[in-house]
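Asks: Sequence:
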Amino acid sequence: MLSSVAAHLASRGARNLTAAARRMAAGDLAVRTRADGRDEFAELGRARDRLAEGLSRTLRELRGERDLLGGILDAMQEGVLVVGDDGRVLLVNPALREIAP
18 MLSSVAAHLA
28 SRGARNLTAA
38 ARRMAAGDLA
48 VRTRADGRDE
58 FAELGRARDR
68 LAEGLSRTLR
78 ELRGERDLLG
88 GILDAMQEGV
98 LVVGDDGRVL
108 LVNPALREIA
118 P
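Residue 49 in our numbering sits at position 32 of the sequence shown, and the numbers go up by one each step.
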């Protein structure tokens, strides 16, 4: 009976971590396990929470840089065209769009 209860508790921790990981993989970086305790599942939950926080912070920084770059390019009077190594157009600012047919 005792081993059955222990297995159920361990299984519940694994299910909670799996559910949180699935939500994170689907793009929900706000999900947190808020795991407590000293076992492996709690430590894994805390590590996953730190990972999600780091990814959220990096994503906020990247969005800020993207928005800053977009604002600079939108405000430029000169046309800007960025071409990738493969020759594909990666970026065209509004000034160039007005010039180009």
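One thing to keep in mind: the hints can contain errors.
What the hints assert, rightly or not - Pairwise CB distance ranges (calculated):
hint: 1; residue 1: Val22; residue 2: Leu61; range: 14 to 24 Å
hint: 2; residue 1: Ile116; residue 2: Ala59; range: 52 to 62 Å
hint: 3; residue 1: Val100; residue 2: His25; range: 32 to 42 Å
Since the hints were made in silico from the structure, they are not lab data. All residues carry an ideal CB built from backbone N, CA and C; glycine is no exception.
Asks: Of the numbered hints stated earlier in the document, which are not met by this structure?
Replies: 3
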